[in-house]
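Chain residues, written in single-letter form:
2 protein chains.
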Amino acid sequence: MNSLKPNQVLVRTLYLSCDPYSRMRLSESQGGFVASFVPGEPIDSFGVGIVEASTSTKFSEGDLVTGGSFLWETRFILSENDITKVPSDTGISPANYLGVLGMPSFTAYVGFVSICHHKAGETILVSAASGAVGQMVVQLAKARGLRVIGAAGSDDKVEFVKGLGADDVFNYKTCGSLQETVKKAAPQGIDIYFDNVGGEFLDAALENMRMNGRIVACGKVSQYNATPETVYHTKNMDIVDINNITIYDFFILDHYSRPVYKAFIDEVSASFKKGDIQYKLDEIVGLENAPQALLDLFEGKNFGKRVVKVSDL
Amino acid sequence: MNSLKPNQVLVRTLYLSCDPYSRMRLSESQGGFVASFVPGEPIDSFGVGIVEASTSTKFSEGDLVTGGSFLWETRFILSENDITKVPSDTGISPANYLGVLGMPSFTAYVGFVSICHHKAGETILVSAASGAVGQMVVQLAKARGLRVIGAAGSDDKVEFVKGLGADDVFNYKTCGSLQETVKKAAPQGIDIYFDNVGGEFLDAALENMRMNGRIVACGKVSQYNATPETVYHTKNMDIVDINNITIYDFFILDHYSRPVYKAFIDEVSASFKKGDIQYKLDEIVGLENAPQALLDLFEGKNFGKRVVKVSDL
Chain A
1 MNSLKPNQVL VRTLYLSCDP YSRMRLSESQ GGFVASFVPG EPIDSFGVGI VEASTSTKFS
61 EGDLVTGGSF LWETRFILSE NDITKVPSDT GISPANYLGV LGMPSFTAYV GFVSICHHKA
121 GETILVSAAS GAVGQMVVQL AKARGLRVIG AAGSDDKVEF VKGLGADDVF NYKTCGSLQE
181 TVKKAAPQGI DIYFDNVGGE FLDAALENMR MNGRIVACGK VSQYNATPET VYHTKNMDIV
241 DINNITIYDF FILDHYSRPV YKAFIDEVSA SFKKGDIQYK LDEIVGLENA PQALLDLFEG
301 KNFGKRVVKV SDL
Chain B
1 MNSLKPNQVL VRTLYLSCDP YSRMRLSESQ GGFVASFVPG EPIDSFGVGI VEASTSTKFS
61 EGDLVTGGSF LWETRFILSE NDITKVPSDT GISPANYLGV LGMPSFTAYV GFVSICHHKA
121 GETILVSAAS GAVGQMVVQL AKARGLRVIG AAGSDDKVEF VKGLGADDVF NYKTCGSLQE
181 TVKKAAPQGI DIYFDNVGGE FLDAALENMR MNGRIVACGK VSQYNATPET VYHTKNMDIV
241 DINNITIYDF FILDHYSRPV YKAFIDEVSA SFKKGDIQYK LDEIVGLENA PQALLDLFEG
301 KNFGKRVVKV SDL
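So the protein sequences, as listed, match chains A and B. For the first sequence, UniProt numbering begins at 1 and goes up steadily by one. For the second sequence, UniProt numbering begins at 1 and goes up steadily by one.
Bear in mind the hints are in silico, worked out from the structure with no lab data behind them. Source: prediction; values computed, not measured. Be a bit skeptical, because a hint or two may be false.
No distinction is drawn between identical chains; accordingly, a pair holds when it is met within one copy or between any pair of copies.
As the list claims (entries may be wrong) - Derived lysine-lysine pairs resembling DSS-like cross-links, with alpha carbons at most 27 Å apart: (1) Lys173 <-> Lys162; (2) Lys235 <-> Lys173; (3) Lys280 <-> Lys301.
Modelling step: build the complete structure from the supplied sequences, incorporating the hints.
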């Protein structure tokens, strides 16, 4: 307690979140939406933990808390403003506050429900469809009456995405021409492409977009390790003009203070508890394994939403 | 009159419009927003003409009319549904129904006023700023309190755009690095890029976009003559994610039936008559010169909105 300043909390880490956006923070700042990590300082991410000591009137010992600035340490001190209490009566496991109710799942919700102007009967293509964001987009889109085409990077992942209800799923590593595979899955074209990977996949999607199509530029995991020499150059930007395409990007932190956040928590936690929504966590055990757990994301080695378990509840 | 079926009109052509979108119609259909031209048939475009004969109750001999399906002929027959009467008491010359009140000017209005969520004090970059669309974007943006950076392809054009009120204008052909030139003109970055050219310029703009920036993908005139071998590949699509950029495209014909069309006509015709808006026409004389007049657009040989005069009022 002696080391706590006023309005601070000592947190013991339960789970840390591995998310592709952290890769940007490992580079020098490009003026983007998150600050770069400081060499020599611990990195941080979303996480879930237990309050072990508190000088804040808002938190007590034993509270389950979450936040976006959890240090990659077993215990750390944060300001009361950097954490949020997790309700203990929800029947949702702590790791799922990084999973089905976590930032990537909320990203799927905002991108699909608020951003892309979907209509029942439309066709949506989802890349990285078994991933932290993709698996939720697939289920939200099916629940709202869209035809869903998924892409994933192994046969196991393909089966998982089919099990989520997707109408057509292919293995993008073994399918041959991406452009032809998408065309075969959607001969009439794609209305919405939910892009979690960028690169060549974006070009293949552009070639298959219908008039007035929409692209949610959610992530570009295929490109985060690229150098100026190896970064993919998009060939088909002319199709944006020809087919009247809108490309949306959004900053998920802008949406936590909006009504959509409550809508997300209400809808998704209810559906999850009823079993109408599944959510696959990919749990790695041990803080010492966290760096590799993060790097694996950029080779598609995760299967579902990757979290690192640091200690037991 | 004998050759007219019911509800048809014989039109004598006064002016035809040269617009970059016609280039797409010279290629085989890519499923885009306009049908390809049919080899052996006359091509068509926007135009202004005089009714010489009519079996329609809506049009009489001598009416001044405009429409988007004017054949590239001296006289032609159209259905009454394909033309609109031009009010004769406006004090606006017939060619300016293809100019300041024409489709490209309306495109500027919709793209800037309705689409890009501009705010006073923001910085907008406009490529092809002396062109049919660009010259109007520059003036609309200045009138609404934005800082305007223009790019044009000759020193004469640069002077013209400065005369429209732009804060900083450069010659993109002689400026050296586009990316550096934009950075120098906007050290704090660009909030809105109004893209009339595509290609390398889009990459240079992306490198200078501020957080939450918006790109209006209005045209890609630099790419319409490109082949699959020569088409420019966009390097900086990762910045869409990093800086939370939205790229908007729109189909101008969707907007003629909306309230924004009346707002455009009211605002722009009033401002033009008062002299608060200028609009530069680039008039080529003679139907026989029309094909070259169109092709010139793809080399930036027009200066202002190019029209072809076919006959005298």
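Homomeric proximity label, lysine 280 with lysine 301: Cα distance no greater than 27 Å = Result: close within a single copy only, 14 Å intra versus 58 Å inter.
Could you place lysine 235 and lysine 173 in one of the four classes (within, between, both, neither) given a Cα distance threshold of 27 Å?
-> So lysine 235 and lysine 173 pass the 27 Å test inside a copy (20 Å) and across (23 Å) alike.
Could you figure out if lysine 173 and lysine 162 sit no more than 27 Å apart (CA to CA) within one copy, between two copies, both or neither?
-> This pair counts as within: shortest intra-copy Cα distance 17 Å, inter-copy 53 Å.
Checked against the numbered hints given earlier, the structure satisfies every one of them.
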